[in-house]
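So the sequences go chain by chain: A and B. First residue of the first sequence: 1, per this note's numbering; consecutive thereafter. First residue of the second sequence: 1, per this note's numbering; consecutive thereafter.
Hints should not be assumed to be uniformly reliable.
To be verified - No more than 20 Å apart at the CA atoms, straight line, and that leaves these computed lysine to aspartate or glutamate pairs for EDC-like:
(1) A:K42 - A:D140
(2) B:K75 - B:D88
(3) A:K96 - A:E142
(4) A:K155 - B:E136
(5) B:K125 - A:D153
(6) B:K125 - A:E87
(7) A:K180 - A:D231
(8) B:K75 - B:E152
(9) A:K151 - B:E136
(10) B:K146 - B:D39
(11) A:K151 - B:E31
(12) B:K129 - A:E87
(13) B:K129 - A:E156
(14) B:K54 - B:E136
(15) B:K129 - A:D153
(16) A:K155 - B:D130
(17) A:K214 - A:E41
(18) B:K125 - B:D39
(19) B:K54 - B:E31
(20) A:K197 - A:E156
(21) B:K75 - B:E136
(22) B:K38 - B:E147
(23) B:K125 - B:E43
(24) A:K96 - A:D153
(25) A:K42 - A:E87
Unchecked claim - Derived Cβ-Cβ restraints for the label pairs, each shown as a range:
(26) B:N95 - A:Y100: 35 to 41 Å
(27) A:N194 - B:E31: 40 to 46 Å
(28) A:E156 - B:M90: 32 to 38 Å
Rather than coming from a laboratory, the hints here were simulated on the basis of the structure. In this text, a Cβ means the ideal position worked out from N, Cα and C, and glycines have one as well.
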Amino acid sequence: MKKRLILLFLALLLTTSLWSQYLGIQGGYALTNANPSIVSEKIQFSTKPTSGFVVGPIFGWNFHSYLGFDVSVLASMRGGNFRISAEGNPSDVIYKRTLYYVSAPLHIYFYHQIKDVELSIFAGPSLNFGLEAQDYAYLDNEYKRPLMDTKNDGKEIFGKDNYLSMFEVAADFGLNVKYKNILFRTSYQYSINNLAKNKAYVYALGDLVRGSEKELYRQGVFTLTVGYVFDLKKKQKTYSK
Amino acid sequence: MKRNYLIILFFALIFTACKENFHVWKDKNEEFLQTSVKDYGLELDPTTEAFYRKINFTGFGPRPNRNSLVIIQYKATLADGSSFTSIDTMGYVINYPVGLQNALLQMNRESVWQICLPHEQGYGKSGTKDIYGVYEVPPFTTLFFKELKLVEVVQE
Chain A
1 MKKRLILLFL ALLLTTSLWS QYLGIQGGYA LTNANPSIVS EKIQFSTKPT SGFVVGPIFG
61 WNFHSYLGFD VSVLASMRGG NFRISAEGNP SDVIYKRTLY YVSAPLHIYF YHQIKDVELS
121 IFAGPSLNFG LEAQDYAYLD NEYKRPLMDT KNDGKEIFGK DNYLSMFEVA ADFGLNVKYK
181 NILFRTSYQY SINNLAKNKA YVYALGDLVR GSEKELYRQG VFTLTVGYVF DLKKKQKTYS
241 K
Chain B
1 MKRNYLIILF FALIFTACKE NFHVWKDKNE EFLQTSVKDY GLELDPTTEA FYRKINFTGF
61 GPRPNRNSLV IIQYKATLAD GSSFTSIDTM GYVINYPVGL QNALLQMNRE SVWQICLPHE
121 QGYGKSGTKD IYGVYEVPPF TTLFFKELKL VEVVQE
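Between the sequences and the hints, there should be enough to build the whole structure, so can you do that?
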């Protein structure tokens with residue numbers, strides 16, 4: 001079975017090498033909108049988009065006259081900026097979260113070639129692995145009294161006994177424009193699994209909400225990237241000469 | 001030349017953007033230290049020159065040492081107006097913040113002082129946290145003990 005799969009893969013590689021493959025690097029801006037919630041009428045969340053970045057290599061493969069797939073390995077910085085208003089608390093709590101991920105989005109795309117421009121729409125899953133995170137929370141009053149700062153305390157956020165799940169599966173989709181060797185891409189991804197673990201953000205709210213309420217944390221990330229890619233097929237032609 | 005200015009501007013922006021998390025709280029606490037010293041007429045402790053004090057009453061009992069077990073009463077206030085009081089708390093002198101230790105070492109039993117501790121003499125850059133990881137005393141906090149009484153030196 002394993003041999004057959006390898007043979008099938010090699011066959012696919014040989015036949016599809018007629019179509020272009022490319023390898024390159026991309027990087028750009030990431031805008032994260034955290035979506036925290038808690039099943040409690042006492043607590044209200046309001047969020048603010050936060051800037052970050054994304055960078056990493058990309059491999060693309062047009063394996064059909066209008067179909068292709070690409071895979072990337074991306075390092076990214078995301079943010080989470082939200083306000084928590086709790087009934088009975090005189091001051092709101094501001095939460096500032098910084099998250100560092102390594103992501104592997106895998107896309108299937110439909111493309112259309114117009115002279116040197118290749119337009120495509122893509123969709124697929126993204127497997128994200130949390131490397132490091134920092135939480136800073138404070139009371140939103142004149143004094144900005146700190147409530148927690150994991151960077152200062154050296155506390156881990158990702159992990160089994162901590163606030164957030166290390167693994168994230170997200171749905172990713174977007175648009176791609178490839179002009180010669182330049183790649184312009186815009187995409188949006190949203191968490192499929194709940195990232196909040198026990199007490200993801202209610203620690204900072206005081207005894208009022210330290211109950212057993214179900215917590216949710218998902219994030220939507222909009223990215224705008226520019227890349228430079230090398231056409232692998234062209235290289236093969238050069239070698240054959 | 002223009003490029004150099006841009007590089008300087010870029011690093012200046014990064015530097016200002018990376019200001020530490022606690023800067024507002026830290027500034028407010030430094031301000032609180034100055035106003036408390038002025039408003040309550042506190043003076044720099046001549047022995048340590050590290051905190052401010054005012055002696056309201058001097059007792060006649062024994063003085064503790066760092067390993068003594070003592071009973072104290074206090075009313076403390078933080079910069080944001082929050083306060084905590086303690087009535088007859090028993091503890092070893094060595095387990096208190098360094099400024100409080102230094103004050104207690106100079107107090108006779110029954111003495112009542114007012115002391116104001118800059119954060120270096122209190123809980124410093126780390127602060128103290130409850131079991132949930134939330135700060136009880138945040139980093140860079142000035143502690144103002146409006147009333148500190150050494151009730152008893154249980155074990156010298």
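Going through the hints against the structure:
1. Between A:K42 and A:D140, the direct Cα distance comes to roughly 18 Å. Compliance with the 20 Å bound is thereby established for this hinted pair.
2. Restraint check for B:K75 and B:D88: the C-alpha separation of about 11 Å stays at or below 20 Å, so the hint holds.
3. Taking the CA atoms of A:K96 and A:E142, the gap is near 17 Å; set against the 20 Å cutoff, the hint holds.
4. For the hint pairing A:K155 with B:E136, the CA-to-CA distance comes to about 17 Å; that is within 20 Å, so the pair holds.
5. Between B:K125 and A:D153 the alpha-carbon distance is near 10 Å, which keeps this suggested pair within the 20 Å criterion.
6. With a CA separation close to 31 Å, the supplied pair B:K125 and A:E87 exceeds the 20 Å bound.
7. About 9 Å separates the Cα atoms of A:K180 and A:D231, which keeps this hinted pair within 20 Å; it holds.
8. About 17 Å separates the Cα atoms of B:K75 and B:E152, which keeps this hinted pair within 20 Å; it holds.
9. A distance of roughly 17 Å separates the Cα atoms of A:K151 and B:E136; the hinted pair therefore holds under the 20 Å criterion.
10. Only pairs whose Cα atoms come within 20 Å are accepted, and B:K146 paired with B:D39 is accepted, the gap being roughly 12 Å.
11. Taken as a hint, the A:K151 and B:E31 pair is broken in the structure, with Cα atoms around 25 Å apart against an allowance of 20 Å.
12. For the hint pairing B:K129 with A:E87, the CA-to-CA distance comes to about 23 Å; that exceeds 20 Å, so the pair is violated.
13. Only pairs whose Cα atoms come within 20 Å are accepted, and B:K129 paired with A:E156 is accepted, the gap being roughly 16 Å.
14. Restraint check for B:K54 and B:E136: the C-alpha separation of about 26 Å exceeds 20 Å, so the hint is violated.
15. This hinted pair checks out: B:K129 and A:D153 have alpha carbons roughly 10 Å apart, not beyond 20 Å.
16. About 14 Å separates the Cα atoms of A:K155 and B:D130, which keeps this hinted pair within 20 Å; it holds.
17. In summary, the hint linking A:K214 to A:E41 is supported, as the alpha carbons are separated by about 12 Å, within the 20 Å threshold.
18. Restraint check for B:K125 and B:D39: the C-alpha separation of about 26 Å exceeds 20 Å, so the hint is violated.
19. Straight-line distance between C-alpha atoms of B:K54 and B:E31 comes to about 19 Å, which keeps the hinted pair within the 20 Å bound.
20. A C-alpha spacing of about 13 Å is found between A:K197 and A:E156, which places the hinted pair at or below 20 Å, so the restraint holds.
21. For the given pair, B:K75 sits about 15 Å from B:E136 by alpha-carbon distance, which is consistent with the 20 Å threshold.
22. The straight-line distance between the Cα atoms of B:K38 and B:E147 is roughly 17 Å, inside the 20 Å bound, and the hint therefore holds.
23. Straight-line distance between C-alpha atoms of B:K125 and B:E43 comes to about 24 Å, which puts the hinted pair past the 20 Å bound.
24. For the hint pairing A:K96 with A:D153, the CA-to-CA distance comes to about 15 Å; that is within 20 Å, so the pair holds.
25. At most 20 Å may separate the alpha-carbon atoms for a hinted pair to count; A:K42 and A:E87 meet this at roughly 5 Å.
26. The given range of 35 to 41 Å is respected by B:N95 and A:Y100, whose C-beta atoms sit roughly 38 Å from each other.
27. Range check, A:N194 to B:E31: about 43 Å between beta-carbon atoms, so the 40 to 46 Å window is met.
28. A hinted range of 32 to 38 Å holds for the C-beta pair A:E156 and B:M90, which are about 35 Å apart.
Going down the numbered hints, you'll see the structure goes against 6, 11, 12, 14, 18 and 23, while the others check out.
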